[in-house]
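2 protein chains.
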Amino acid sequence: MTVRVELGDRGYDVHVGVGVRSRVGPVTADTTRAQRALVVTQQPVADHWLDDVVASIDDAGLDTATLVIPDGEAHKDVATLAMVWEECARRQLRRRDVIVALGGGVVGDLAGFAAATYNRGIDVVQVPSTLLAMVDSSIGGKTGIDLPGGKNLVGAIHQPTAVVADTDMLATLPARVLREGFGEVVKHALLADRKMFKRLVAAGPELVAPGRDLSTLVMANAAIKAAVVSEDEREHGRRAHLNLGHTYAHVLEVLTGLGSWWHGEAVAVGLLVSLALGEELGHHGRDLRATTTRLLADIGLPTTAPVLDRDALFEVMARDKKSDGRIRWVVLDRIGTPTLITPDPAAIEAAIARVEDPNCSWPPTDAGTETGSPATELPTDDTPERSHA
Amino acid sequence: MTVRVELGDRGYDVHVGVGVRSRVGPVTADTTRAQRALVVTQQPVADHWLDDVVASIDDAGLDTATLVIPDGEAHKDVATLAMVWEECARRQLRRRDVIVALGGGVVGDLAGFAAATYNRGIDVVQVPSTLLAMVDSSIGGKTGIDLPGGKNLVGAIHQPTAVVADTDMLATLPARVLREGFGEVVKHALLADRKMFKRLVAAGPELVAPGRDLSTLVMANAAIKAAVVSEDEREHGRRAHLNLGHTYAHVLEVLTGLGSWWHGEAVAVGLLVSLALGEELGHHGRDLRATTTRLLADIGLPTTAPVLDRDALFEVMARDKKSDGRIRWVVLDRIGTPTLITPDPAAIEAAIARVEDPNCSWPPTDAGTETGSPATELPTDDTPERSHA
Chain A
1102 MTVRVELGDR GYDVHVGVGV RSRVGPVTAD TTRAQRALVV TQQPVADHWL
1152 DDVVASIDDA GLDTATLVIP DGEAHKDVAT LAMVWEECAR RQLRRRDVIV
1202 ALGGGVVGDL AGFAAATYNR GIDVVQVPST LLAMVDSSIG GKTGIDLPGG
1252 KNLVGAIHQP TAVVADTDML ATLPARVLRE GFGEVVKHAL LADRKMFKRL
1302 VAAGPELVAP GRDLSTLVMA NAAIKAAVVS EDEREHGRRA HLNLGHTYAH
1352 VLEVLTGLGS WWHGEAVAVG LLVSLALGEE LGHHGRDLRA TTTRLLADIG
1402 LPTTAPVLDR DALFEVMARD KKSDGRIRWV VLDRIGTPTL ITPDPAAIEA
1452 AIARVEDPNC SWPPTDAGTE TGSPATELPT DDTPERSHA
Chain B
1102 MTVRVELGDR GYDVHVGVGV RSRVGPVTAD TTRAQRALVV TQQPVADHWL
1152 DDVVASIDDA GLDTATLVIP DGEAHKDVAT LAMVWEECAR RQLRRRDVIV
1202 ALGGGVVGDL AGFAAATYNR GIDVVQVPST LLAMVDSSIG GKTGIDLPGG
1252 KNLVGAIHQP TAVVADTDML ATLPARVLRE GFGEVVKHAL LADRKMFKRL
1302 VAAGPELVAP GRDLSTLVMA NAAIKAAVVS EDEREHGRRA HLNLGHTYAH
1352 VLEVLTGLGS WWHGEAVAVG LLVSLALGEE LGHHGRDLRA TTTRLLADIG
1402 LPTTAPVLDR DALFEVMARD KKSDGRIRWV VLDRIGTPTL ITPDPAAIEA
1452 AIARVEDPNC SWPPTDAGTE TGSPATELPT DDTPERSHA
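Residue numbers (this note's numbering), protein chains in the order written: chain A, 1102 to 1490; chain B, 1102 to 1490.
Just so you know, the hints here were simulated from the structure itself, not pulled from any lab data. Worth double-checking, as some hints may not be accurate.
One copy or two, either will do: identical chains are not told apart, so a pair holds if it fits within one copy or between any two.
[Stated by the list, open to error] Subject to a maximum C-alpha distance of 20 Å in a straight line, what follows is the list of computed DMTMM-like cross-link-like pairs (lysine to aspartate or glutamate):
hint	residue 1	residue 2
1	K1252	D1172
2	K1252	E1187
3	K1252	E1336
4	K1252	D1178
5	K1299	D1269
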């Protein structure tokens, strides 16, 4: 299955399916003029999938080198970026050559940014290994690194020449990593696809059952992301809707310390805050948040947030305000109909209060090790607004 | 005086003249939506000119911060880049804010690249302080840093919103720095302006006399560079002509150790190699090289090269070959009419041999400290080809 990101002569295909890692080589050969490829990856992805990917690129006739960068979100930094740049130079990659980014969001963002800037820009093929990367971060060309002062403070828009999402790779993910990706999946469903939302709700905990084939779901999500990017590459309009849930998610990530809440988890709770805001302002009724809360709980995602200091919270949001000084939120009028608003602080505060819970037990202390099982031990819909009523 | 770089909605003015540093603030305010400016500079430029530039920006109503990065070509590196990025974050620069790059090529390239990538790209105003930066590197948007493996291996095309070249700054340059800039000036004259070439030859050593007003010359050179960039931003066609003299210059810089020959000096000798190649292949007669050699000697630039190992020389050139595998040289049919050719190795070798001299005494051991005096002690036209005849 493929979907096209329509961006004129910078357009590209997203390939999704079981076993499509074997197409990385042919796709790289077809979409670039590369003679050499540097595969940038991380553990544990390398252990599972690097040999297959390298074999595919070798078979396509390219000279292939590999670089395994240190694991973890903390290494999306300048030091690791320099490591990739210097490996490109050591391997004598030239302007026509290619970086293949095999991994999750960290690898995709960092290796993509290295490609955007090495030799003033060489090609990159994205081979996402996590659900979050497959449905979101590998598509659309956002690349970059973090600074000590904040996430994604340095970067470039650099579209890949292709995305190859092999859903076999989802089976080897730690459970917490798989679940995290559903934060963006639920977001896409709310933004653009009422039928997908209903199917997600109907499937419930089965979504994260071991062995489940997620190809069709990944494809549908990639298609949503691809359509938005095709229409609005630089986030002047519709792409801003993809920030549904992200205004609060960013605050939560910053105030709890980067890495404590994972991005897709913060987005899950952020979606609930946006839905609470939509309720508060009369955009839609209360059912939507209740249903979404149950869905997130079924998947094993958090549904409540810790109580955050109000001054700190508004300070972080103010830092993110757009150049016209307003803080924008995406809310829904109904599923599939997002809208950008600039609510007053009282409404924002009321919405956040509905999702906060002083007993919020996220992040889990025991998660992230087991594989593929639904997290029935995680907090379910415990009507958090009660504690602030 | 201003000249326009015509690049549609990314076009910008180059302001040239005595005292135009006072316009940095108004120009920054007019061409950006910045509320904050970070002025990135180096010593000794900061001692002479930083106060004036900061005062101008302050007066224009911007919130101004400064960062003095370590001096020298060696600091066009990842560590200094990270320093600029982190200062942007510490000062909370946002997407509409601006970096002002006050200095020579190192500051312009590095601060320009930081601006190209911080927050996925913020504005930059270039305030070149050296002749080389005024006539060449500040115009056209090439930005980047060096890696241990090579110069300019990382970078981006990122056009400034304005260039402000105050020719007062030339008076405080060390002599070797001023002379170096004439390598690119002579190149421009050969490429595009027979009358300028004649005026340069007529002025001779007076070009680098203390107190000489170089505004008109800088303006004419900025106009040549601006015209080429306007026509061909990404070096698909005419911009490649600006590489006149650079094929050999790059080899010389690499093989003698980066920093030993300065860029403009290597270009001076590279021009002579290109002219020798033009002779060799019958594009023009021998007078052109003889006249250019005298001009360069009058300015105090080198006119001979050390004898380089042939294998190493061709290996470095091969590394630079274009994606079609050919090594391109720019030669002249006559002044003002450059042409791209792919000569055979024997012709290249013969041309280089004509400029090599086993007694070549460059780089100077005593230069770079005195200010503004013509370097009559430096090698003059000593018919280097004799030693290889």
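Intra/inter-copy verdict for K1252 and E1187 if alpha-carbon distance must be at most 20 Å: Classified as between: cross-chain Cα gap 12 Å, same-chain 23 Å, threshold 20 Å.
Intra- versus inter-copy proximity for E1336 and K1252 (alpha-carbon distance at most 20 Å): within (18 Å within a copy, 34 Å between copies)
Alpha-carbon proximity context of K1252 and D1178, limit 20 Å: Answer is within: at 10 Å inside a copy they meet the 20 Å cutoff, but 22 Å across does not.
Alpha-carbon proximity context of K1252 and D1172, limit 20 Å: within (17 Å within a copy, 29 Å between copies)
Homomeric proximity label, K1299 with D1269: Cα distance no greater than 20 Å: neither (25 Å within a copy, 70 Å between copies)
Going through the hint list in order, the structure does not satisfy hint 5, though it satisfies all others.
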